[in-house]
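Same order as they appear, the protein sequences are chains A and B. If you number the first sequence the way this note's numbering does, the last residue is 222 and the count never jumps. If you number the second sequence the way this note's numbering does, the last residue is 109 and the count never jumps.
Since the hints were derived computationally from the structure, they do not count as laboratory data. None of the values given here were measured: they were computed from a predicted structure. A hint or two may mislead.
Claimed, not checked - Listed next, the in silico PhoX-like pairs over lysine-lysine satisfying Cα-Cα at most 25 Å (straight line): (1) A:Lys30 / A:Lys50; (2) A:Lys30 / B:Lys56; (3) A:Lys127 / A:Lys53; (4) A:Lys127 / B:Lys56; (5) B:Lys56 / A:Lys79; (6) A:Lys127 / A:Lys146; (7) A:Lys92 / A:Lys127; (8) A:Lys63 / A:Lys30; (9) A:Lys79 / A:Lys207; (10) A:Lys63 / B:Lys56; (11) A:Lys207 / B:Lys80; (12) A:Lys192 / B:Lys80; (13) A:Lys127 / A:Lys166; (14) A:Lys166 / B:Lys80; (15) B:Lys56 / A:Lys207; (16) A:Lys51 / A:Lys136; (17) A:Lys136 / A:Lys63; (18) A:Lys127 / A:Lys73; (19) A:Lys136 / A:Lys53; (20) B:Lys80 / B:Lys56; (21) A:Lys51 / A:Lys30; (22) B:Lys80 / A:Lys53; (23) A:Lys53 / A:Lys73; (24) A:Lys63 / A:Lys92; (25) A:Lys136 / A:Lys92; (26) A:Lys192 / A:Lys207; (27) A:Lys127 / A:Lys192.
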Amino acid sequence: MYERQLDGEVLSFGHEGVLYRNSFMMYDRKTESLWLHVTGEALKGPMRGKKLKFLPAEVMPWKAWKMLNPQTKVLLGEKAHGFMGSFNLKEKLSSYGLAVGSGRTQTLFRFNLLQRVPLLNTQVDSKSVVISYDQKNSYAVCFAAKSGQQELHFDPVLNDPESSEKRLLMRDSETGSTWFRMSGECSAGPLKGQFLERLPATTWLGKRWIGFFPEGRLVGLE
Amino acid sequence: MSWLSPMKALLVLVSFALPAPQLFAQEPEIFSLEDYEANSRRGADRDAFQVLDNPKLVDVAAADEELSPDEPVIGLRVGKFAQAYPISVMGGIELVNDTIGELPVTVSW
């Protein structure tokens, strides 16, 4: 998802009707440049080289989203049939992954791996990141693994069964601070109150992602 | 679906500690026009597929009547505002020009 404003101007987009590597192209109604909806980059036309600002979004079951966001508004409409739509309904969340990194060599972390290893300290684009996965709700987020200049490494922390706190937790080994795994907020310790920087990351259907990023790195289990 | 053999999966597990290969470091980040021309095809006329512009959104109670609890949704949060786009709906619409709070956004699938 992206902000659709650029250089102080609001853009609106239409459907070009063209598939590029099986993902559809959108065009902006002002300059008619063609944009990759999957990366937010303009590929062809006067806007070539421009990039929309990424907005983090998650794909998760409706029941989980509304629990986290009781005031949420929702788009309703006809359920999909036919072109590009129908297969979505048959896919399970385990067919998805979280794509992290920029350009053509990004990495897809498949949810079937994250289901077993829900907290990953790893590197993407030569930067240390932590990928955190909510096993119950099958969604993942990615943060820069640092506070200021200090690099951090995280281990999961089990919730105290006596506590009413049900949010997933992790602890960094450098300062011993405790963090909420899915929001990146530090809940206790020397770094309390700080937030980890949330990095651009997109939930993809694995099959689609491979078609679009054949040079990318796939991390997952069979 | 066969993605990786178990042996390869082991290799992959080992390899994610290594930095990403910089095979295309000298190329621009965006996809080249040549690649676009070679790998794109027109499936329909421009605007043949419907796009939504600032559609009316409903609240949780109304959504509960239409959505099953396990139905995946794309969730977007900006400040105190949260908006959800069911994948079952986005599979047909694919592209929404929307606004969340004051911020104009695109949602696509």
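These are the hints, each one checked on the structure:
no., hint, result
1, A:Lys30 / A:Lys50, "holds, 14 Å"
2, A:Lys30 / B:Lys56, "holds, 24 Å"
3, A:Lys127 / A:Lys53, "holds, 20 Å"
4, A:Lys127 / B:Lys56, "violated, 40 Å"
5, B:Lys56 / A:Lys79, "holds, 16 Å"
6, A:Lys127 / A:Lys146, "holds, 10 Å"
7, A:Lys92 / A:Lys127, "violated, 31 Å"
8, A:Lys63 / A:Lys30, "violated, 38 Å"
9, A:Lys79 / A:Lys207, "holds, 22 Å"
10, A:Lys63 / B:Lys56, "holds, 21 Å"
11, A:Lys207 / B:Lys80, "violated, 34 Å"
12, A:Lys192 / B:Lys80, "holds, 21 Å"
13, A:Lys127 / A:Lys166, "violated, 30 Å"
14, A:Lys166 / B:Lys80, "holds, 21 Å"
15, B:Lys56 / A:Lys207, "violated, 32 Å"
16, A:Lys51 / A:Lys136, "violated, 34 Å"
17, A:Lys136 / A:Lys63, "holds, 11 Å"
18, A:Lys127 / A:Lys73, "violated, 35 Å"
19, A:Lys136 / A:Lys53, "violated, 30 Å"
20, B:Lys80 / B:Lys56, "holds, 19 Å"
21, A:Lys51 / A:Lys30, "holds, 16 Å"
22, B:Lys80 / A:Lys53, "holds, 19 Å"
23, A:Lys53 / A:Lys73, "holds, 22 Å"
24, A:Lys63 / A:Lys92, "holds, 16 Å"
25, A:Lys136 / A:Lys92, "holds, 14 Å"
26, A:Lys192 / A:Lys207, "violated, 40 Å"
27, A:Lys127 / A:Lys192, "holds, 23 Å"
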